[in-house]
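Here the protein sequences line up with chains A and B, keeping their order. Take 5 as the starting number for the first sequence in my numbering and just add one per residue. Take 82 as the starting number for the second sequence in my numbering and just add one per residue.
Since the hints were made in silico from the structure, they are not lab data. No experiment lies behind these values; they were computed from the predicted model shown. One or more of the hints may lead you astray.
Straight-line distance between alpha carbons at most 25 Å, and here's what the computed BS3-like set of lysine-lysine pairs gives [stated by the list, open to error]:
(1) A:K99 x B:K112
(2) B:K135 x B:K112
(3) B:K127 x A:K99
(4) A:K108 x B:K135
(5) B:K135 x A:K105
Distance windows between CB atoms, simulated [unchecked claim]:
(6) A:K105 x B:T198: 38 to 46 Å
(7) B:S189 x A:G35: 58 to 66 Å
(8) A:T56 x B:K94: 51 to 59 Å
(9) B:T100 x A:D84: 34 to 42 Å
(10) B:P179 x A:P88: 48 to 56 Å
(11) B:K94 x A:K77: 19 to 27 Å
(12) A:V70 x B:S144: 50 to 58 Å
(13) B:Y136 x A:T56: 26 to 34 Å
(14) A:T56 x B:G137: 31 to 39 Å
(15) A:T56 x B:N133: 23 to 31 Å
(16) B:E188 x A:Q106: 17 to 25 Å
(17) A:D84 x B:S205: 50 to 58 Å
Away from chain A, derived, C-beta distances all over 12 Å, residues of chain B [stated by the list, open to error]:
(18) K112
(19) A113
(20) W123
(21) L131
(22) D193
(23) Q211
A virtual CB, placed ideally from N, CA and C, is assigned to each residue, including glycine.
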Amino acid sequence: MNLRRDVFQAIADPTRRAILLLVASQGMTAGAIAANFDTARPTVSKHLQILTECELLQQTQTGREVYYHLNAKKMKAIADFIEPFRAMWDDRFNKLETIMKQYKSKKNQ
Amino acid sequence: MERKTKVNAEDGKQEVLITREFDLPLDLLFKAYAEPEIVEQWMGTKVLKLENEKYGGWQFQTSDAKGNVVFEATGCVHEFVPNQKITRTFEMANAPFPAQLEFLEFESLTEDTSKLTMHIIYKSPAFRDQMMQMGFAPGLNMAHNRLQTIVSKLK
Chain A
5 MNLRRDVFQA IADPTRRAIL LLVASQGMTA GAIAANFDTA RPTVSKHLQI LTECELLQQT
65 QTGREVYYHL NAKKMKAIAD FIEPFRAMWD DRFNKLETIM KQYKSKKNQ
Chain B
82 MERKTKVNAE DGKQEVLITR EFDLPLDLLF KAYAEPEIVE QWMGTKVLKL ENEKYGGWQF
142 QTSDAKGNVV FEATGCVHEF VPNQKITRTF EMANAPFPAQ LEFLEFESLT EDTSKLTMHI
202 IYKSPAFRDQ MMQMGFAPGL NMAHNRLQTI VSKLK
């Protein structure tokens, strides 16, 4: 299974993104999370399952209750994908700039 | 140092905005996109076709040292206005990604500086995120590094 790819599919869904925002500050039970949505409870459960499978959420058991928490490490991996992309373009554009500066000076000779 | 290239990719959107200011006059910046042999140098890929006109097509291909094709992309040109803009599609061959739409805008800042704005639109937010990840996949970087070696030898 391509886990990384699944992570991006997971956060592409608006409900799942809303769930991640909800549990960002504190752990919540499935019931408490579901109370924030108009969608049916099983639908929310399905979303929780997907988020847990791709490790964006972690579960902890307190007595009889299962709490869902945000996996900060995994979330950081998502935020980080923009920087390598930026660096790649920056690299390319630096190259473009260097090449065209040489082109210019050659032309002026 | 200030980051010259800026990337704006809002969470959950299917688009990305890349902006860059160059220490180059506008015509030189545009030339780097218009001349196949120059595109080859900075993109690190072979340019098989580059028809700079409405209804034109383009095709890039990168091979490894053994001659195996590691990257191929094609697209159509929708608009080509020298020193102003290029509108085109982009699609990677042999990859599970749909075509994307690219709007490139070139503008002059001063006599010696210019700015490029690339607005890329993907089929979905998920495809955007995956494509942004793919952008620095090993296959592409390999070609990139090889070019860097070639260019530094030329200096």
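For this session: Go through the numbered hints given earlier and state which of them the structure violates, listing their numbers in rising order.
Result: Of the numbered hints given earlier, those the structure breaks are 4, 5, 6, 8, 9, 10, 13, 14, 15, 17, 18, 19, 20, 22, 23, listed in rising order.
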